[in-house]
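Each protein sequence line maps, in turn, to chains Z and U. Quick note on numbering: the first sequence equals residues 1 to 101 in the working numbering. Quick note on numbering: the second sequence equals residues 1 to 101 in the working numbering.
Everything labelled a hint here was simulated from the structure, so no lab data went into it. The model shown is predicted, which means the values in this text are computed figures rather than measured ones. Glycine included, every Cβ here is placed at the ideal spot set by N, Cα and C. Watch out, some of these pointers could steer you wrong.
The list that follows gives simulated cross-link-like pairs (lysine to any residue, SDA-like), each with its CA atoms no further than 20 Å apart [said to hold, decoys possible]: (1) U:K34 to U:E45; (2) Z:K34 to U:C57; (3) U:K4 to Z:H25; (4) Z:K14 to U:C57; (5) U:K2 to Z:E68; (6) Z:K19 to Z:P93; (7) Z:K14 to Z:K2; (8) U:K34 to Z:C57.
Residues from chain U shown here face chain Z by an in silico Cβ test under 7 Å; the list is partial [unchecked claim]: (9) M1; (10) K4; (11) Q50; (12) P67; (13) Y71; (14) G73; (15) N90; (16) V94.
Protein chains: 2
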Amino acid sequence: MKFKKHVFICTNQKQSPKKSCGAAHGAQLVDAFKQAIKERGLQTEIRAQQTGCLDACAFGPALVVYPEGTYYGNVQLEDVNEIVESHLANDKPVERLVLPV
Amino acid sequence: MKFKKHVFICTNQKQSPKKSCGAAHGAQLVDAFKQAIKERGLQTEIRAQQTGCLDACAFGPALVVYPEGTYYGNVQLEDVNEIVESHLANDKPVERLVLPV
């Protein structure tokens, strides 16, 4: 296992009116996660990166945290610090955003 | 865990002369994985998709299989069926391509 936690954030953009996570929002989330991880000095053990469609379009903006395979939905920029602090750093998923997949 | 196995294939393209997995090769790998998974009727439990840089550029074309976090390097199109059959369907990683990360 190269990373203790590996976060894949959907940046997929579908044509309107199809719902999708969205390229712009996804890219902002990726940047926010990278910054929050770096601020805590965790960047060698935790990685966040963009990815394609996670098959959770209806619940986006979506991401998944491995190795546990926890899916999050409707993730907003203001949720990033909480996910990093609670889940990535302290192994406590943010239940209110976890998708029942 | 939404998927029993979730394969993230790097399609990141860096400017030459930097080594990178490559957009074209990565996209071909994604298609080949999706097809090989579908041919075996495993598409509801196993997912393969594109992703950004996996931080294994020097060993690319690279991919990672979760939940186990197994990194593969120098993956060619002719390796796809073996990885799907051996690792994804039968839990036996293809050791000759596994990266020591």
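Status of each hint after checking the structure:
1. U:K34 to U:E45: holds, 12 Å
2. Z:K34 to U:C57: holds, 18 Å
3. U:K4 to Z:H25: violated, 28 Å
4. Z:K14 to U:C57: Violated, at roughly 28 Å.
5. U:K2 to Z:E68: holds, 10 Å
6. Z:K19 to Z:P93: violated, 25 Å
7. Z:K14 to Z:K2: This hinted pair is violated, its Cα atoms lying about 32 Å apart.
8. U:K34 to Z:C57: Roughly 18 Å between the alpha carbons, so the hint for K34 of chain U and C57 of chain Z holds.
9. M1: holds, 4 Å
10. K4: violated, 9 Å
11. Q50: Given a least distance of 4 Å, the restraint on Q50 of chain U holds.
12. P67: This interface hint holds because 4 Å falls under the 7 Å limit.
13. Y71: holds, 6 Å
14. G73: violated, 11 Å
15. N90: violated, 20 Å
16. V94: Nearest chain Z Cβ about 17 Å off; hint violated.
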